Every structure is written in structure tokens, then in C-alpha cells.
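Those protein sequences? They're chains A and B, same order as listed. In terms of our numbering, the first sequence has 260 at position 260, counting the first letter as 1, and numbering is strictly consecutive. Offset between the second sequence (1-based) and our numbering: plus 422.
If you're looking for bench data, these hints aren't it; they were derived computationally from the structure. Keep in mind it's a predicted model, so treat the numbers as computed, not measured. Ideal Cβ positions, reconstructed from N, Cα and C, are used throughout, including at glycine. It cannot be assumed that every hint is accurate.
Unchecked claim - Stretch by stretch, here's where chain B covers chain A in the computed footprint (C-beta under 8 angstroms, at least three residues):
(1) 6-20
(2) 31-39
(3) 46-55
(4) 98-104
(5) 111-124
(6) 231-243
(7) 377-390
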Amino acid sequence: MSIFHNRYQWLLDAAYVWRQEMKQAFRDEGVLIFFIVVPLLYPLLYSWVYNNETIHEVPVVVIDQSHSQLSRQFIRMCDASPDVRVAYYAEDLDDAQSLVSRQVVKGIYLIPEDFATRLNRMEQGTISVYCDMALMMTYKAVFQTAMAVSQQMGAEIQTKLSGNYTAREDVITTQPLAYEDVPIFNPQGGYGTSVLPAVLILILQQTLVLGIGLAAGTARERNRYGDLVPIHKCYNSVGRIVLGKSLCYLMIYAVMGAYLTVAVPHLFHFLQLASGRALLVMMIPYLLACVFFGMTVSCLVRYRENVMLLMVFVSLPLLFLTGVSWPQSNIPAAWQGISWLFPSTFGARAYIRLNSMGATLNDVLPELRYLWIQAAAYLGAACLVYGHQLRQSHRHAHERLDYLRKKRLLRQRLGTKKDRKR
Amino acid sequence: MKYLWQLSSLVKRECKILYKNPIYGFCMVLFPLFTLLFFTSLLHEGVPEDMPVGIVDLDNTSTSRGLVRRLDAFQNSEVVARYSSVAEARRAIQENRIYAFLYIPKGTTEQLLSARRPKVSYYYSLTSLTGGSMVMKDLKTIATLGSAGVGQATMRAKGFTPGQIQAFLQPIRIDLHQIANPWSNYNIYLSAVFVPGIMMLFMFLISAYSLGMELKFDRGKEWIAMADGNAVVALLGKFLPQAVVFLALIFSYEYYIYEVLEFPRLGSVWMIVLLAVLQVFASIGFGIFAFGLMPSLRMSMSVCSLWAMLGFSLAGSAYPVMGMDESIQALSWLFPLRHYYMLYQTTVFNGYPLIDAWFHLVGLVAFTLLPWFVLRKIKNAMLTYVYIP
Numbered sequence: 001m002s003i004f005h006n007r008y009q010w011l012l013d014a015a016y017v018w019r020q021e022m023k024q025a026f027r028d029e030g031v032l033i034f035f036i037v038v039p040l041l042y043p044l045l046y047s048w049v050y051n052n053e054t055i056h057e058v059p060v061v062v063i064d065q066s067h068s069q070l071s072r073q074f075i076r077m078c079d080a081s082p083d084v085r086v087a088y089y090a091e092d093l094d095d096a097q098s099l100v101s102r103q104v105v106k107g108i109y110l111i112p113e114d115f116a117t118r119l120n121r122m123e124q125g126t127i128s129v130y131c132d133m134a135l136m137m138t139y140k141a142v143f144q145t146a147m148a149v150s151q152q153m154g155a156e157i158q159t160k161l162s163g164n165y166t167a168r169e170d171v172i173t174t175q176p177l178a179y180e181d182v183p184i185f186n187p188q189g190g191y192g193t194s195v196l197p198a199v200l201i202l203i204l205q206q207t208l209v210l211g212i213g214l215a216a217g218t219a220r221e222r223n224r225y226g227d228l229v230p231i232h233k234c235y236n237s238v239g240r241i242v243l244g245k246s247l248c249y250l251m252i253y254a255v256m257g258a259y260l261t262v263a264v265p266h267l268f269h270f271l272q273l274a275s276g277r278a279l280l281v282m283m284i285p286y287l288l289a290c291v292f293f294g295m296t297v298s299c300l301v302r303y304r305e306n307v308m309l310l311m312v313f314v315s316l317p318l319l320f321l322t323g324v325s326w327p328q329s330n331i332p333a334a335w336q337g338i339s340w341l342f343p344s345t346f347g348a349r350a351y352i353r354l355n356s357m358g359a360t361l362n363d364v365l366p367e368l369r370y371l372w373i374q375a376a377a378y379l380g381a382a383c384l385v386y387g388h389q390l391r392q393s394h395r396h397a398h399e400r401l402d403y404l405r406k407k408r409l410l411r412q413r414l415g416t417k418k419d420r421k422r
Numbered sequence: 423m424k425y426l427w428q429l430s431s432l433v434k435r436e437c438k439i440l441y442k443n444p445i446y447g448f449c450m451v452l453f454p455l456f457t458l459l460f461f462t463s464l465l466h467e468g469v470p471e472d473m474p475v476g477i478v479d480l481d482n483t484s485t486s487r488g489l490v491r492r493l494d495a496f497q498n499s500e501v502v503a504r505y506s507s508v509a510e511a512r513r514a515i516q517e518n519r520i521y522a523f524l525y526i527p528k529g530t531t532e533q534l535l536s537a538r539r540p541k542v543s544y545y546y547s548l549t550s551l552t553g554g555s556m557v558m559k560d561l562k563t564i565a566t567l568g569s570a571g572v573g574q575a576t577m578r579a580k581g582f583t584p585g586q587i588q589a590f591l592q593p594i595r596i597d598l599h600q601i602a603n604p605w606s607n608y609n610i611y612l613s614a615v616f617v618p619g620i621m622m623l624f625m626f627l628i629s630a631y632s633l634g635m636e637l638k639f640d641r642g643k644e645w646i647a648m649a650d651g652n653a654v655v656a657l658l659g660k661f662l663p664q665a666v667v668f669l670a671l672i673f674s675y676e677y678y679i680y681e682v683l684e685f686p687r688l689g690s691v692w693m694i695v696l697l698a699v700l701q702v703f704a705s706i707g708f709g710i711f712a713f714g715l716m717p718s719l720r721m722s723m724s725v726c727s728l729w730a731m732l733g734f735s736l737a738g739s740a741y742p743v744m745g746m747d748e749s750i751q752a753l754s755w756l757f758p759l760r761h762y763y764m765l766y767q768t769t770v771f772n773g774y775p776l777i778d779a780w781f782h783l784v785g786l787v788a789f790t791l792l793p794w795f796v797l798r799k800i801k802n803a804m805l806t807y808v809y810i811p
């Protein structure tokens, strides 16, 4: 009977810790910002920033020195393409360059004087393309449009020269081997579609760690001796503290996680291939790993502001380590190793593959395994550091008690001396 | 003269604070240098090389194997696996083993030789844009070369000269000039924005932090008293030593990327110096302003970090600002990193005259002057506010 009673009491204590933590989280505005406001608003803002996905009608300037029917055809076709807009005509390169310098255009098409002459003589004609390399996306638009138009015009010239009889023959002359490119999983090549899933997952981890760190900092500063764990009968064992606290964070982030992985993609019509069950199976270990990771980190910082100084700037490197911007296969081994310390690496990879690439749970098994390993390892770490904190606050309490006892003893002795003198 | 004495004693006091609290050393030197090392070593390849791609070759002839061999020889792609069906290859993409695959259906060579125009397909995943587009480029070249190879063989057999063959196969040639970054090197492109961006994040945070610490440890009154109640002198004395440290940090970053890693630049050294000075003072100005608006350590630091993180998106270096909604385009003016990036790419990267980026110069100067609006509020906060944890 007493075992059951003890268990029950243990649970009650954990529930008390949970309640205290919940109260504190909703009372502290710093924690509130990171637990509620940022996860609610940031995804909306990012989705808004990237909602156009791709760029169209990049302005270019044309220097047409050829002034021929062929050169005008090239310009017309470029202007008609979806990605490029011929915004200006210039007389020479200096003129055109000053337009690039003023950020009015992003590239220059130079059609030399002998362009049409050479083509009519059955020689190779050249068109020079100058790109502003400050932006990769505009560079690609300017270059690829010129490339596509030149190939199409080239095909027309080829058919004229070959003297075929049928349309089918024309096609075979220009392209004996047909090819088809099929972009899958992000067919429009959208920037938001590729980056946002990783950003959403990263926001979950970063806000959790920052929020937990701030909450722990506040707890320390409110405490008389700067201890994380208060002296209270309910805070008497590591298990109760870790269970109570993690339950509180997990409850808040169950809601936030659902909002970020289900509601936000739904609102902004992002790709959503993962089933609810798959998301649940992936998010549980991810959130657990994040919570325990956050609790471990929170014990390492002395003042509450320090967690901000430590965790905010790593967000950007962590985003790169997930492999959305720079391919995962090309991340140097040392950084790969470091990336294994953070739940976001595997969380983002698993989420992208489930949600944007329609993978099954079986396909992301390695990532899920790593997430569970991380959850277990950080649970152990959290228990260890909280055990240390608990011992420390007990030691402080004992020291204080000893001090008070000695003081009382001294006072008693002094008091008795005074009495004798009297 | 009086101001100078006050200033020197304030500077001495600040130096002592910077020296004593290790947080400053971490945030002003170690973390930014770590970031510099991180980005430059992560992207040291410049262009992603040897990305894993797969092959579904159902034809299996010497021609199809030739295509595969040529693909393998390209810089960006490496053929790592062969699959027996498209479904299997797609699963390999979903399991993250390859980024793309080339599908050569059965009978391709036969149809090619009998001029029946077979079709090869390549499938690539664009969930990673950089990787996907690089692999796509290789695969596209292969297919074009495959076509050209057939035409070349036919024409050679008919007795055309190489010049004639080339002029026929590619009548219009594109002569590409990639100004200032001829290798389309991603290290040059990304490190030059993200590393200064992280440094600006730390400048925001440390400015707000150092002001908040005065309040927290109740040294605010002493600090204002040392400047004889003059908030301008007090702020100057406090932030001059920090600015010097940050400038040294930025110059070591510039030295590392331009002298050690040899990033190209067309602008002069003086532009770099001007940009560094503007960067430091604008960021510190923003940090002080944020603290002045909300004289509480946690609120001002939260605002600074959220603002700085948004700045990375709104700087428009990865996804251009011109592609965003108009309201967001206007919003981007409120981010110092946006102005820094525009000034950098116009004057340093491309080497164009400063006058063409005057708007962004004015923007950074405006950020530098922002603390003017909150001078009284900061002084008031230091003299009357009490820190509540």
C-alpha cells in the first residue's frame, strides 16, 4: 500500500512542479514572447516574405549594335519570356553599366554589330551576357533566358538550313534525342517551399530553448541564493522536477508544434504530403529531444540574458546544417558531426522528407532513431544537471542553516555572559 | 576640455567592465570568429561538387553507358547507384541517398540510330534549391551533348569541316560574363552577407545588454553622474571602446576573406573602411534605440534578436527583395542589414560609385542617429528605474 501511496505522492509532487512552471511561464513576459508570440507570428511573417516563391520579369538592358531583324527577334523573345523584362536600351557598355550600378537592371545583353551578318554567312553568332553576380537568382534568370532563347533561335536556323520535307524531320534534325526534365517535390522551384519547412522546425527548437533558458534564469534570479531549484518538499528529487517541468513545456509545444507543422502550411498552401499519423510519430521524439536539450542548456547559463547571447546566433548555422541551403552531401565531416548534437538537424530533415517529398516513416527511420537517441541522451543529461542543481541548493540551504544555528548559539552565549555580568 | 576628461574616465570604466565580464569576450570576439570560421569552412568548395545522382538505364547499350560515364565525369555530379526502375530511384531520393536520377528507357539507342527521336528524362528534387539546380545543369548538358553527338556524327560522315559543324549545331553562342564572381562561388556570395549579419546581431545585442547591465546591477546613477548628467557624453564614453573592439573584429574579418581566402572585390579599401565604420555605428545606434524604447534588459534584447534574425531574410541576399510583396519591400528599409548589403554589393563587391547607393548610405547614417530620440528616456531610466527580475 505504501508503495502506491509513495508513487501517488511522487506524481502529486511532479504535478505541483508542473503547475509552478506553468504559472511562471505565463507570468514572465520574456518567456511568453518566446513560447507564444514568436512561434505564432514568425512563421506568418516568413511565409509572407517568401509567398511569391520565385522571381519573374527581372529587368535587363539591351545594347543592340546589330540593328537587324534577327537581333530584334532575340530581344522580343527575351522580353516575352516569363523571367526577363527588357527594361532599357543603351548605346554602349558604359551606359548599360551605370544602369546596373543604380540597381535599375540586373544584367546586360550585348548584341554585337556582326551578329546577323555572321549568322547569314552560316557562321556562329555571339551574344554577350553580363550578369550582376550579387544575386544568384537574378543571375540564373538572366543567363538561362538568354540560353533558352538562343537555343530556340538556333533550332529555327537549323531547320532552315537543312532543307527537310516534313515537320517531323525538322524536329529530328534539331533534337535527335529528346529530353524531358522533371523537377519533383518542388516543381515550381519555389524558394519558400524549399526553405520554410526547415525554418519552421528550427523555430520550434530555438524558441523552446530560449524560453526554457529565460524561465530558468528568472527562477535563479528570484531565488535568494541564485539557485535554480527552490527548497520545497515537492522539489525533492530529480525525477519529479524533470517530469514536472518537461510536461509543462511539452504541453505548450504540443499546441505550437501542431500550429507550425499543420496550421501554417495549410494557411499558406504549402506542400503537405505527410499524414497526421506520420507527423505525430516524427514530432513526439523531436519535441522531447528539444525539451530535454533546452533543459540541459538552461542549467549551463548563470543569468537569463546569456541564453539569448548563446542561442540566437547559432540559428543561422543550424539552418545551414540541416542541408536545405547547402546540400547535405557537401557539408564537411566535422560540421556533420557537430550537427548531430542538435535535434533540429534530424527534425528538419525528417519533416522535409515526410512533408515535402512524400516519404514514408520507413524512409526516415534513421532520422527518427537519432531523434529518440537524442531525446534519451538529453533526458539523461537533464537529470544529471538537475541533480547537480538540487545538491547545490541543498548545500546552500545547509550552509545557511548552519550559519543561523551558529548565530543563535553565539547570541545565546553572549546573552548568558551578559546575564552573569548583571 | 571638461568633456574630454569625463570621456576618458568613462572609457576607462567601460574598458574595465569589458575586461571583467567574460560575456563580452565571448560575444564580441569568440562567437563572431566562430561564425566566420563556420561559414567559410562550410562553403569552402564554393560550388557543391560530386553530388550523388542515380541512373535508371533500361537500355544498357554502349551509347547509354557512354552518357552515364560522361555524367559521372562532370564536376557537380557523381553517379553513385543504378536502379532497375523509376519507382526504386524515387524511393532512393526520398531516403536521401541521391538528389536526382537519369532515366534511359528501353530501346533508346535503337530509336536514336533509326531517327525515331527517343526521349530520356531526368528527375531531380528541388527541395534543396542549390543542389537541385546544380545537378539539373549537369543533366541538361548531358542531354544536349547527346543530341549534338548524333548530329556531329552524321555531319562528319557527310564531310563537313569542324567549323561548319559547330556553326550548324550551335548557331548562336552565349558569351557569359559573371562580373566579380566568375566561378559563381557560393562562399563569396553567402559568407559576405551572413558573417557581417551575425556580427551586427552581436552589436545589437551587446549594446542593449551593456545598457541593461547598468540597470540590473544598479550602476546607472554612477554612470550618468560620471558624465555630469550629460547623456551624450555618457553614451559616447560607454560605446567608444565597444566600437573600437567591433571595428577590429570587422577588419580582421575583411583581412581574412580578402587576403587569406582571396575573395574578389572591385571596390577600393576605403570603401571597406567606410562600410565597416557605418556598420558598427548603425548597429550600435539600433541597439541603443531598442533599449531606449523599452528600457528593460529582456525586452530590448528580445527585440534586437528578433529584428536581427528577420534581417537575414529581408536583406534580400538569398531571395531578392524585388520578388517580395511591395509592403515587405518597404519594410526592408527598417533593417540595417539590408542597407549594409546594398552598400556592400554596390561599392565593394561591384566597385560602382558610392553615389549610386546614396539612399542606403543615408539609411545607415539614420540608424546611427537614432539614439538621439531616446537620450532623455535612457537617462531617465538610469536615474529612476529599478530592476525587477
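The hints, checked one at a time:
1. Here the region 6-20 of chain A counts 0 residues with a CB under 8 angstroms from a CB of chain B, which misses the bar of 3, and the coverage is violated.
2. Chain B is given as covering the region 31-39 of chain A, and this holds because 3 residues of the stretch bring a CB closer than 8 angstroms to a CB of that chain, at least three being needed.
3. Counting residues of the region 46-55 of chain A whose CB lies closer than 8 angstroms to any CB of chain B gives 8, which reaches the minimum of 3, so the coverage claim holds.
4. Taking a C-beta to C-beta cut-off of 8 angstroms, the region 98-104 of chain A contributes 5 residues in contact with chain B, enough for the three needed, and the coverage statement holds.
5. Beta-carbon proximity to chain B at under 8 angstroms applies to 4 residues in the region 111-124 of chain A; the threshold of 3 is reached and the given coverage holds.
6. By the rule of at least three residues with a Cβ nearer than 8 angstroms to a Cβ of chain B, the coverage given for the region 231-243 of chain A is violated, with 0 such residues.
7. For a cut-off of 8 angstroms, the count of residues in the region 377-390 of chain A with a CB near a CB of chain B stands at 0, and the three-residue condition is violated.
Figure legend: structure checked against the earlier numbered hints; hints not met, in rising order: 1, 6 and 7.
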